[in-house]
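Colleague: Single-letter residue listing:
There are 2 protein chains.
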Amino acid sequence: MTASAKPAASSSAPQYKVLGTRPIRHDGTDKVTGRAIYAADLHLPGMAYGRVIRSPHAHARIRSIDFSAALALPGVLAVTSAADMPDLKNKFADLGEGRVNLAHLGANCLAQGKVLYRGHAVAAVAAVSPHVAEEAAKLVRIEYEPLPAVTWVLDAMKPNAPLLHDDVFTESMGQLSDKPSNVSRHIHFEQGDVQRGFAQADVVIEREYRTASVHQGYIEPHACTALWNQDGHVTIWTATQGSFSCRQQVAELLELPVSRVTVVPCEIGGGFGGKIPIYLEPVAVLLSRKCGRPVKLTMTRSDVFEGTGPTPGSFVRVKLGATRDGKLVAGEAWLAYDAGAFPGGMIGPGCMCVFSCYEIPHARVDGYDVCLNKPKTAAYRAPGATQAAFACESVIDELAERLNIDPIEFRLKNAAKEGTRRVDGPVYPRIGLVEVLEAARASEHWNTPLAGPWRGRGVAAGYWFNIGLKSSASASVNADGTVTLVEGSTDIGGTRTSVAMQLAETLGIAAEDVRPQVADTDSVGYTDVTGGSRVTFATGLAAYQVGLDIRRQMAERAALLWECDPALVRFEDGVFRTDGRSITFKELAAKLHATGGPVVGRAAVDPEGPTHGFGAHIVDVEVDPDTGKVTILRYTAVQDAGKAVHPSYVEGQMQGGTVQGIGWALNEEYWFDDRGQMRNASFLDYRMPTALDVPMIETIIVEVPNPDHPYGVRGVGETPIVPPPAALANAIYRATGVRLRELPMSPPRVWAALAAAGKSS
Amino acid sequence: MTASAKPAASSSAPQYKVLGTRPIRHDGTDKVTGRAIYAADLHLPGMAYGRVIRSPHAHARIRSIDFSAALALPGVLAVTSAADMPDLKNKFADLGEGRVNLAHLGANCLAQGKVLYRGHAVAAVAAVSPHVAEEAAKLVRIEYEPLPAVTWVLDAMKPNAPLLHDDVFTESMGQLSDKPSNVSRHIHFEQGDVQRGFAQADVVIEREYRTASVHQGYIEPHACTALWNQDGHVTIWTATQGSFSCRQQVAELLELPVSRVTVVPCEIGGGFGGKIPIYLEPVAVLLSRKCGRPVKLTMTRSDVFEGTGPTPGSFVRVKLGATRDGKLVAGEAWLAYDAGAFPGGMIGPGCMCVFSCYEIPHARVDGYDVCLNKPKTAAYRAPGATQAAFACESVIDELAERLNIDPIEFRLKNAAKEGTRRVDGPVYPRIGLVEVLEAARASEHWNTPLAGPWRGRGVAAGYWFNIGLKSSASASVNADGTVTLVEGSTDIGGTRTSVAMQLAETLGIAAEDVRPQVADTDSVGYTDVTGGSRVTFATGLAAYQVGLDIRRQMAERAALLWECDPALVRFEDGVFRTDGRSITFKELAAKLHATGGPVVGRAAVDPEGPTHGFGAHIVDVEVDPDTGKVTILRYTAVQDAGKAVHPSYVEGQMQGGTVQGIGWALNEEYWFDDRGQMRNASFLDYRMPTALDVPMIETIIVEVPNPDHPYGVRGVGETPIVPPPAALANAIYRATGVRLRELPMSPPRVWAALAAAGKSS
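Chains as they are written, first to last, in my numbering: chain A, 1 to 761; chain B, 1 to 761.
Hints may be right or wrong, so weigh each one.
Copies of one chain are not kept apart here, so a pair can be met inside one copy or by any two copies together.
Pairs of lysine-lysine residues, derived as PhoX-like cross-links and limited to a Cα-Cα distance of at most 25 Å, are as follows [unchecked claim]:
1. Lys290 with Lys31
2. Lys91 with Lys417
3. Lys91 with Lys158
4. Lys327 with Lys290
5. Lys158 with Lys31
6. Lys629 with Lys179
7. Lys290 with Lys89
8. Lys629 with Lys91
9. Lys91 with Lys591
10. Lys179 with Lys586
11. Lys417 with Lys327
12. Lys319 with Lys586
13. Lys591 with Lys158
14. Lys586 with Lys759
15. Lys17 with Lys179
16. Lys31 with Lys327
17. Lys629 with Lys138
18. Lys31 with Lys586
19. Lys138 with Lys327
For the record, the hints were derived by calculation from the structure and aren't laboratory data.
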């Protein structure tokens with residue numbers, strides 16, 4: 001069930017013909033019929049099959065790797081290990097989001113001297129068949145010297161903790177620590193006078209929160225095929241969120257110019273941030289260079305869990321103070337996020353987002369990026385924000401309760417709005433949090449009483465900033481009035497269509513009249529990753545600019561036909577007009593060949609972003625006191641989409657993000673034994689929610705247009721994962737009187753908390 | 001051996017850094033290692049294999065087609081015939097080069113009611129394997145009622161000739177004949193007063209010439225795969241000279257909007273004009289629609305000979321008059337070209353080219369397009385010009401001899417130049433025939449005496465107008481200063497490189513720093529066929545325009561860096577400059593991401609053309625009086641390339657065209673028996689020249705810049721096939737005293753002519 005709230009300023013809202021409609025996605029048929037080619041579907045003549053050998057230890061020194069038995073096996077074509085990688089020590093590169101240590105990036109793809117987590121790739125083989133490769137992998141003899149391991153972030157920060165790297169020092173306020181440390185970075189944000197702020201508070205609440213690592217859980221395991229061609233050119237077919245980012249990462253690691261590498265993005269079965277880093281690609285390239293054939297590598301589900309980036313486990317302490325009339329006056333947050341085996345985790349966005357929903361005059365945030373013996377973390381939908389919101393929104397709920405103010409009212413009293421300065425610096429432009437909270441307050445769900453024992457309703461807000469970055473696109477006009485569109489953004493969530501719709505709107509044609517294509521890195525301009533909820537915003541902006549470029553050229557053709565000044569030709573509602581004359585886009589398209597030839601449009605954009613996505617969730621739960629199981633009775637997600645280009649896909653993002661947040665909140669966790677081994681690396685044991693576990697997620701789209709986009713578009717994909725853990729914790733409290741402060745709030749943990757409070761049966 | 005003549009105005013010739021060099025072709029590695037994917041290499045999951053059933057008769061009515069036995073064979077998936085085609089009667093379409101009768105185009109792909117030539121496609125089957133398809137094809141029962149056939153153009157013009165079509169009438173001077181006719185069109189060009197012209201002549205010579213049909217003989221037989229997808233979208237992977245032309249032809253025949261069809265051009269193993277028409281594509285699409293799978297169709301060599309377009313057989317009568325001091329005063333030509341089974345042959349260009357090398361004040365040309373029972377003719381390198389030049393250049397040679405003037409001097413005296421009006425109307429701009437003839441006269445070959453019995457030297461000029469038409473391209477700048485280029489012109493003769501070089505020259509970077517891609521019809525703007533020697537000219541022009549578009553945007557970035565007016569930024573020699581500051585293209589490329597994002601350029605052009613390619617050939621032969629065999633001792637081709645972008649490829653075109661002309665002159669012919677059956681439909685019996693049959697063809701490139709192209713480029717691919725038959729006939733005459741006026745001048749025919757003249761041994 002879906003309801004759409006009135007836009008904030010509906011009377012002045014522009015009337016669109018294509019935006020806001022729900023056309024069938026352009027790639028839909030191929031996906032439902034199985035025709036679409038995913039990376040694992042690729043078959044090339046003469047293809048070899050590789051297998052990666054992974055560490056059985058959470059932390060160990062690699063004493064030796066002996067390939068001789070593997071190489072003696074008939075059908076084995078090549079072997080590789082870190083010895084084949086260039087020396088990347090002290091080499092850094094800007095991969096689009098800041099400086100990256102290439103030695104670390106490389107060592108995560110093939111372990112260099114030490115293994116830092118169970119599942120860490122150590123070596124690889126290529127053979128004529130997957131079976132021979134599997135057999136050969138078993139014949140590679142690797143000697144390890146096991147070392148003590150650490151898998152919890154606070155343990156890893158202790159002075160006597162096992163040290164992962166001797167080249168990682170703590171960076172804090174521009175200073176590096178004297179000694180190597182697992183703590184790679186300390187972030188500090190501050191505004192106002194926190195001490196004075198807390199002195200003004202009538203109520204102060206301080207609490208600690210813990211979250212476990214969870215995985216993005218995309219349905220498609222990583223797969224790629226690489227070819228090192230005889231002319232030295234490298235082609236990679238892969239499942240990636242960013243073909244250009246993949247190209248650059250591989251090029252930097254193997255010390256090739258970017259133009260020597262072509263990345264062909266296959267269809268992708270989910271990413272959620274986890275398919276931004278590279279894993280298999282450089283390994284496949286090295287194997288191909290050695291054997292002269294295309295080499296395919298695929299992961300099993302266990303490889304995915306143990307060898308690719310989950311989201312950080314975290315410890316967050318939040319302290320908030322408010323006056324008795326319900327105004328927040330001071331906040332303090334202390335966050336430690338694990339980065340996994342290499343520095344560079346999600347602590348930055350965590351610190352940016354922890355207080356991002358509220359106007360807090362005096363605030364301080366300290367954050368720590370911590371290495372430990374788990375897979376290197378990767379982005380996961382609003383990376384870092386969910387952990388922070390779990391803490392902040394739980395404390396907000398306690399404050400509201402303590403002050404006896406309705407939790408939505410309390411949030412509305414303190415909601416960030418245009419002009420609010422966030423603790424990390426930025427001042428918000430026009431944003432939609434107030435409208436979102438008002439829509440939640442006005443919703444049928446919020447106004448329907450919830451009755452019955454062990455039942456409770458929770459609410460939480462959430463924020464993700466969303467990014468802009470670079471996108472390119474080109475398009476050409478067909479004689480039948482349709483337009484082909486070439487874009488560089490790999491399509492994970494229906495962006496072929498949401499981008500095509502913006503071009504269609506700009507040209508006054510139907511969405512179906514645009515045929516979008518996602519091209520390889522040789523066939524389209526540079527485009528940043530599909531992530532940060534940026535594609536519909538930034539690539540959509542590129543499509544809009546392409547549309548303007550085409551309109552300009554078409555107007556010149558109309559002027560040619562009419563023998564008038566092109567400046568006199570207007571474009572309105574899909575029709576080119578001048579005084580007394582008019583021609584539709586389609587009619588004019590049929591005349592291009594007679595008026596100077598084809599028309600091609602192009603654009604490359606790098607919009608500022610952020611687009612500021614705010615949401616609020618309402619959830620009703622029933623807790624079973626006998627088992628601790630939490631059943632979700634009803635769930636409503638409210639969100640500001642700026643402009644919902646394709647409302648079904650916005651709703652889909654809201655529903656999908658919410659369900660991932662529910663899984664994170666109630667069930668999912670990396671479960672490590674005392675040797676640092678993950679014991680639940682399969683979908684059977686790592687319990688993600690299925691359609692049977694959740695009700696239909698209701699959605700309310702609010703539209704407060706983004707002033708930095710011609711159609712008002714904001715990113716929508718990530719925000720919905722942020723509120724669920726806090727909303728559920730708040731609901732569980734209302735149902736049971738017990739506050740849970742550790743994720744997952746799984747049946748054993750809920751039951752134990754009830755028991756500790758004397759409430760379990 | 002290759003020599004390069006001085007450009008006409010070498011002192012003022014621009015200095016290029018990339019144009020005129022010989023970089024390795026971008027697609028070279030994949031082609032020599034076998035990695036390149038040709039249409040027959042394509043393999044798709046679930047692919048079905050089709051087979052076309054072809055007529056055993058040259059002319060027959062189809063009484064019935066019975067598929068029941070074929071359909072009963074296990075593994076047969078679909079059958080089709082013309083019954084599955086839409087009714088195209090009286091439907092016409094502009095396929096880029098004038099109105100085309102769609103009913104005829106369709107009936108050539110699947111015979112409609114009658115078969116018109118042996119090899120005419122009648123029906124097709126698709127099955128799970130090629131073997132089952134072959135078996136099923138044998139089970140299709142087709143009943144024919146044979147009709148009398150005609151295969152020689154003059155026979156087909158006779159009033160009592162077997163009539164092929166009841167819907168073809170002779171169009172002459174805008175009038176249609178009353179009765180159906182095999183003659184579809186009469187062309188008439190005239191300038192001056194021909195009667196008065198001949199009255200001024202001191203010498204008049206009139207001769208008749210005959211040529212046989214010859215085939216383009218590309219090494220790769222036609223192949224394609226088509227998928228009618230579940231959403232109704234059609235994708236075709238094929239070997240084609242024009243992906244957009246193929247798209248339009250299929251769309252028109254199957255009555256689909258062009259945007260419902262995507263054509264993916266595979267690598268192509270030669271075309272020479274013969275891969276512009278479609279044959280298999282609509283059949284594969286119909287079969288795929290019926291069975292829901294991708295269907296692959298491939299031709300055998302016999303299918304290619306019997307089912308695809310050869311060049312017309314022809315009859316040409318030329319009459320020329322000159323004054324005793326060697327000035328041409330009058331000309332008359334009468335040409336009849338066979339069109340094959342359907343109207344629309346190569347008579348137009350034949351009429352345009354017959355007198356195109358000379359200034360003839362009074363001239364008249366009459367041409368006839370004639371249907372007969374041979375495969376529908378297709379373009380073959382300078383289509384129609386070779387037959388005409390064989391006639392005209394032979395008469396020119398006789399005139400020169402009669403007037404006792406050196407044959408090159410005679411041509412120079414009468415050579416067309418800037419301002420000359422051709423008989424069909426156009427007035428030449430700056431052209432290079434005089435320079436070409438002067439280079440021939442100055443050549444080492446011409447100045448080396450030829451001695452010995454049965455030896456002779458011949459010379460002939462040749463012309464092809466070359467075309468412009470539409471091309472689109474886009475390009476984007478990589479951070480490493482390289483540029484990826486996307487174009488729509490399928491690459492037959494190295495045009496990826498010749499086009500990329502023009503972009504490189506424009507941007508001041510190396511040819512290797514441009515990475516060109518040929519894209520499918522969804523990924524690039526409309527681009528006309530690779531034909532008419534247009535690609536290096538027109539798509540090169542698009543690449544130049546793309547370069548300007550990129551330069552403009554890069555200059556803006558430089559201005560941003562320097563905080564100056566973009567208008568003050570100059571681009572010289574690969575460097576952006578303003579007073580006191582400079583930055584190279586590569587340096588600036590690395591800064592794009594920090595100055596506003598990616599840079600993408602685009603262009604779509606429709607240049608006028610023609611680019612006017614003139615050549616002159618010199619050949620030395622020795623004739624064996626015992627066998628009639630003509631041995632080529634030495635051969636030099638001289639040609640105006642305007643600007644030779646990649647001289648090796650220009651030389652390659654000159655050499656390849658010359659050798660094809662030699663094959664046409666000396667050996668090749670469609671040999672029909674009296675039932676209209678081709679009896680030599682294999683490479684064993686249809687004798688194309690091999691490397692053993694010809695010496696290395698020497699080349700002299702003349703460069704008279706084309707004023708209509710920024711780099712002076714002219715088309716070069718077709719002109720070199722035009723002079724060989726006449727040059728060889730003239731050489732044979734000088735060797736033997738006998739003039740041959742029928743092609744091929746094969747050993748039996750030469751021997752017979754010698755015998756008739758009492759000269760054979």
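Colleague: Which of the numbered hints above does this structure break?
Modeller: Failing hints, ascending: 2, 3, 4, 5, 6, 8, 10, 12, 13, 14, 15, 16, 17, 18 and 19.
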